[in-house]
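Asks: Given next are the chains, with one letter for each unit.
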Amino acid sequence: MEQVKVAEQSDAKHTEKAHKQEKETLRSSVTLRVFRANRKTSEHAHFDTIEVPVQRWTTVLDALLYAKSYKDSSIGIRYSCRMASCGSCGMKINGIPRLACYTKVSELSGSSITIEPLSNFPHIRDLVTDFTQFFKHHHDVKPYILGDDPVAPANSGQGAEGETYTENIQTPEDVDKYLQFSYCIKCGLCYSACPTVATDTKFPGPQALAQAYRYTADTRDADTKSRLNVLDDRHGIWRCHFAGSCSSVCPKGVDPALGIQLLRGHLLGFSKNENRVAEKKRKTLDLL
Amino acid sequence: MRESQIMKIHYITGIAALFVVAVHIMMRLIMPFGLSLGYNNVIANYSNMPYAILLESILVLIAIHGFNGLRIILLELRQNKHWEDAVTAGTIAGAMGIIGFGTRTILVANGLGMQ
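Those protein sequences? They're chains A and B, same order as listed.
Using numbering that gives the first Met the number 0, the first residue of the first sequence is number 0, and each one after it goes up by one.
Using numbering that gives the first Met the number 0, the first residue of the second sequence is number 0, and each one after it goes up by one.
Just so you know, not all the hints are guaranteed correct.
As the list claims (entries may be wrong) - Distance condition first, Cα-Cα at most 20 Å in a straight line; then the derived EDC-like pairs of lysine to aspartate or glutamate: (1) Lys67/A - Glu42/A; (2) Lys80/B - Asp47/A; (3) Lys201/A - Glu83/B; (4) Lys39/A - Glu23/A; (5) Lys7/B - Asp231/A; (6) Lys7/B - Asp47/A; (7) Lys80/B - Asp232/A; (8) Lys201/A - Glu55/B; (9) Lys224/A - Glu2/B.
Stated by the list, open to error - Here's a subset of chain A near chain B, in silico, CB distances under 8 Å, partners left out: (10) Glu7; (11) Phe46; (12) Glu50; (13) Lys176; (14) Thr200; (15) His234; (16) Gly235; (17) Lys251; (18) Leu267.
To be verified - Quick list of simulated restraints, FRET-style, between CB atoms: (19) Ser225/A - Ile91/B: 23 to 31 Å; (20) Gly93/B - Tyr143/A: 40 to 48 Å; (21) Ala88/B - Val174/A: 40 to 48 Å; (22) Glu172/A - Ser35/B: 53 to 61 Å; (23) Ile72/B - Ser225/A: 54 to 62 Å; (24) Met25/B - Ser111/A: 53 to 61 Å.
Source of the hints: derived by calculation from the structure; they are not laboratory data.
A virtual CB, placed ideally from N, CA and C, is assigned to each residue, including glycine.
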């Protein structure tokens, strides 16, 4: 019986592998259509076509860096970690916002790959965009824990001259409420995919709103009201059309659309105040 | 008024409008469609106080919900204070105008001394 099970599992693995291989388009070279324009020199926007050799594991960033090293050194790209951690190499690849270092050439169909700068961001040069407005929106939602310093009663901890600090205790269940939103790497892909940002420049965007939810749901945060006041504006959270494109392009599996809806629940009074719930729990545990 | 309060009103008026319009449609279906739109029947509807109140509530709910929807669309069109203030004032005036004119029609048809 066990042997049958093992055989079935092995069959399933083989089928999965075959599907994966089917999805991959293996080629020896690929044509990159790279968007070229320079805001400063008011260069006419156009696409440059560059042929680069590729292997099975070549990423779009690898291909671009090859093109920059051996074909045209003037291509403007921004990148850093090359491992989908820093979020610097966000760009539109075949029309979809993606991280160039996280997108393998073999995953993409078609003989040529079109690479453009992210939408909804002011353009600087070639594939480089200006993130000033994006980070301003992020800063505006106060993406940090608000409230008093966690000072504990005297004699309970360490510190210089009477200053005593303690841990701000959180249960794993409390962490689970916001954990996925803390994986955001601020790459701007969701902001680029958002149709509301495209029409309303004052709209904070999915990234900032998801971060607002991340800190609102955090039981250590003591001043949710001031953060919600920022969002409860004419061009704030209510302007989201719930297209869901932000969640589908996120390379880290964050679901900003869900965060926005949960935050709306807070504003409408449907959701429970996480702080009060946690406080009640703590009191119950203390009594026990 | 905070935007969350406005949106609460928007959602509540939307849901309530669905309910009253459903009642209105069901009332129209109790007789043949052609007969339902006959002059005497229409006037009789307005003379029936509960039905007149139902029509007034449809008017108010849909006007508020619809004009707020229009305000939202127009707010996204441009982002500057003059435009936003003008849109807010314009949609409030529009809603008031529609509600005022509609209420007058209901009162006249009802025969409450507005002829």
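Asks: Run every hint past the structure and note whether it holds.
Replies: To see whether the hints hold, each was checked on the structure:
Simply put, Lys67/A and Glu42/A have alpha-carbon atoms about 19 Å apart, close enough for the 20 Å limit, and the pair holds. For the given pair, Lys80/B sits about 42 Å from Asp47/A by alpha-carbon distance, which is inconsistent with the 20 Å threshold. At roughly 12 Å between alpha-carbon atoms, Lys201/A and Glu83/B fall within 20 Å of each other, so this suggested pair holds. With a CA separation close to 39 Å, the supplied pair Lys39/A and Glu23/A exceeds the 20 Å bound.
Between Lys7/B and Asp231/A, the direct Cα distance comes to roughly 12 Å. Compliance with the 20 Å bound is thereby established for this hinted pair. About 51 Å separates the Cα atoms of Lys7/B and Asp47/A, which puts this hinted pair outside 20 Å; it is violated. Under the criterion of a C-alpha separation no larger than 20 Å, the hint pairing Lys80/B with Asp232/A is consistent with the structure, at around 13 Å. Using a Cα cut-off of 20 Å, the hinted pair Lys201/A and Glu55/B is violated, with the two alpha carbons roughly 37 Å apart.
Under the criterion of a C-alpha separation no larger than 20 Å, the hint pairing Lys224/A with Glu2/B is consistent with the structure, at around 14 Å. Contact between Glu7/A and chain B, as hinted, is not supported at the beta carbon level, the nearest pair being about 50 Å apart and thus beyond 8 Å. Interface restraint check: Phe46/A against chain B, minimum CB-CB distance 31 Å, threshold 8 Å, status violated. Given hint, Glu50/A at the interface with chain B, is violated; its Cβ is 43 Å from that chain's nearest Cβ, farther than 8 Å.
At about 21 Å, the closest approach between the beta carbon of Lys176/A and any beta carbon in chain B exceeds 8 Å, and the interface hint on this residue is violated. Look at Thr200/A: its Cβ gets to within about 6 Å of chain B, closer than 8 Å, so that hint holds up. The criterion of a C-beta within 8 Å of any C-beta in chain B is met by His234/A, whose closest approach is roughly 6 Å, and the hint holds. A least Cβ separation of about 6 Å between Gly235/A and chain B falls short of the 8 Å threshold, and the interface hint therefore holds.
At its closest, the beta carbon of Lys251/A sits 28 Å from a beta carbon of chain B; the interface hint therefore is violated under the 8 Å criterion. Interface hint status for Leu267/A: upheld, as the beta-carbon distance to the closest one in chain B is roughly 6 Å, under 8 Å. About 29 Å separates the C-beta atoms of Ser225/A and Ile91/B, a value consistent with the hinted range of 23 to 31 Å. At roughly 43 Å, the beta carbons of Gly93/B and Tyr143/A sit within the given window of 40 to 48 Å.
Separation of Ala88/B from Val174/A is about 47 Å and conforms to the stated range, judged on CB atoms against 40 to 48 Å. In this structure the hint that Glu172/A and Ser35/B lie 53 to 61 Å apart at CB holds, the actual value being about 58 Å. At about 30 Å, the beta-carbon gap between Ile72/B and Ser225/A misses the expected band of 54 to 62 Å. Checked against the hint of 53 to 61 Å, the C-beta distance between Met25/B and Ser111/A comes to roughly 59 Å, which is consistent with it.
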